[in-house]
Amino acid sequence: MTKGTFVALDDKTIRERAAAFLAAGHDPGRRLEFLRARFDAGLAWVHFPEGLGGLGAPRELQNVVEQELARTPQLDTGVQAIGLGMAAPTILAFGTEEQRRRFLRPLWTGEEIWCQLFSEPGAGSDLATLGTRAVRDGDEWVVDGQKVWTSGAHHARWAILVARTDADVPKHRGLTYFVCDMHAPGVEVRPLRQITGEAEFNEVFLTGVRLGDDLRLGEVGDGWRVAQTTLMNERVAIGGAPVRRGGGMVGVVAETWRSRPELRTHDLHQRLLRLWVEAEVTRLAGARLREQLSAGQPGPEGSGMKLSFASLNQALSGLDVEMRGEEGLGYDDWTFRRSDSVDFFGRGPGYRYLRAKGNSIEGGTSEILRNIVAERVLGLPSEPRVDKDVPWKNLPR
Amino acid sequence: MTLLYTEVEEELRASVRGLLADRSGPDAVLRRAESAAPYDMDLWKTLSREIGVAGLLVPEEYGGAGASAREVAVVLEELGRAVAPVPFLTSSVLATAALLRVGEEDLIQELASGETTAALAVSLAASPYRPLPETVTVTDRGTLDGAVRAVAGADVADVLLVPVGRALYQVAAEHVQVDVAPSLDLTRPIATVTFSDTPGEAIGSLDVREVLSFGAGLLASEQLGVAEWCLEATLAYIKERHQFARPVGSFQAIKHRMADLWLDVVRARAAARNAADLLAAVPYGAAAVEAVEAGELAAAVAKSWCSEVAVRVAEESVQLHGGIGMTWEHPVHLYLKRAKSTEIAFGAPGAHRDALAVLADLPAPV
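Going down the list, the sequences are from chains A and B.
The first sequence finishes on residue 397 if you use full-length UniProt numbering, and the numbering steps up by one all the way, no holes.
The second sequence finishes on residue 366 if you use full-length UniProt numbering, and the numbering steps up by one all the way, no holes.
Keep in mind that the hints were calculated from the coordinates and are not lab data.
What you are looking at is a predicted structure, and each value in this text was computed from that prediction instead of being measured.
No residue lacks a Cβ here, since even glycine has one placed at the ideal position from N, Cα and C.
Don't take each hint at face value.
Unchecked claim - Interface residues of chain A toward chain B, partial, derived using beta-carbon atoms under 10 Å:
(1) Ala20
(2) Ser125
(3) Leu127
(4) Gln270
To be verified - Among chain A residues calculated to face chain B with C-beta under 10 Å, some are:
(5) Pro28
(6) Pro191
(7) Arg244
(8) Glu278
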């Protein structure tokens, strides 16, 4: 991201911009209009370019904006998570100017919700094996296939989609990245009920879906590289959010511990202290990583953040249920519902425990992330691979 | 305040690392550990004279560098990476921190130059969270009687600083008996220090537990250095070592263990840096209660985490080196021994976690 051309954008100028925006008298009661105005003022994501919701400022100054505008209408970061965390950085990096202008504003305000059409029944961790086909037909592409584990597809207006456009080359080379119109004919969304009882994710069937070539993101055949941008951002989005000391999941457990002395045992105490330390060092590592990023030093620590987030969330939510004794035997609500997003803090401990099991699967399994750390950070050799130079169509499936 | 290293800190690191690479490679450390004089006092004089490490904590008006816990932590990282047998932790960190609290200017100046070496006469295993055992008493004549076991750095100390109750006594080394017994850590041996009608001078009042907490928080940086060396040495080895016609490091079972160790070390670095940063923010003597507590909490977090990480990485390093890891000739055992003994030093991990019950408001069961 480039810095401001004329004035150095520092803490102080961002604060002034925020104050000027507040002084302009936008009505916080009209949420959508307020958010649109905030986007237009460049205070949506300050590191984005001017005209696209940003000011071309250093990324860490976003915190200043959030502080200054804390009492105004906020984004729904739950239901908007995929749009904000994955679609937006990918569109920014690979989209045409027209695509950026078309998609980023309604994405940020939440007028248009996004989902991610990546995984397939036969391609999860081995994502590059995916078989959903996109065949060119004049100015359009015709898409056929099936996607799965698609969170939020039921309320999404758009999707980021990876499809196979060439079956005759090895798997990584024959992919192309698209924006998929979820309202197009041939898109069918079916809920998948999860272990929590709700259906936060879906199967998506794509049958003869026609997408204009102006919905392609990046070059034909370059989909894997574009997808890497999405996936790296996904891992930062899942594990990299700043938390205060003792906040997040450890805060929930610690609060129960403090308010319910009758639940305390020595064994639980030892385990809680251990997890509190792990949460604290993980928080510090995240803070250090963000410092590195804003100081312009590329930090390989990013891939590790999601790994530690997943195991911590699982250990803490498990301890939470156990700690509650009799109450841990119950569950808040098994009613089948189509939730908008993950609701760790609005639901009961049983839900948190079960939902956290997904943390080590979604957005790259912990096994895949360990491979990434081992190979790309530590430089260890990859396992021998039989599929590397074989055309996709000849792979056993 | 930052969790990154400043340019000045990186320059300090480069100087220390360069000197240690020349003078204190693994073979040299091992030869010395087997000799009658495990400490390398020539190396220590060079570190003090050329780089000024001995006076880092000492204000400039007393002939020191006027630096802080942050720079001390960087030196400790490098000394840990080299398991360097020098009395930096015992003399320039622990004894100096005690003297700075007491305000003993003459001795501080001598320590700052590195020409005189001191040791705080407490057990290396002493915990910041419980009173010291009262094994030394003051006689009617004002002399000291008794003994302190497991004191690190005593055998090379010119001066011993002896806490008796809340008083700190200064004792010349020639008046005490120092018995070094075989130690688990070959590169930082411990000794029993015996006082027998020993003349000493009371130099002030000291809460030794504050000094131990400070020492624990900074020892985390040494442990980080130990862990980093073990991780890097192991990585290099498993990339080279072939079995089943492949590098051992290409097997997923090994790679996943390495990824987990790396993540532990990444978090150890953040924890150690945070402790150094917050301890640097607390000046000696009067400081805001919140700042003192923040430093204590950061020290407890860093020492509990880094202790376990250093031991885990060292143990895994031995395992992943296979047979060679069990040999005397390969230096990894020096690191395992350092890791395991620093795990105990200044409070074992569990003691620091227990302290968090109060510091982080996570009360124990009644």
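* Violating hint indices (sorted, rising) -> Hint check: 1, 2, 3, 5, 6, 7 fail, others pass.
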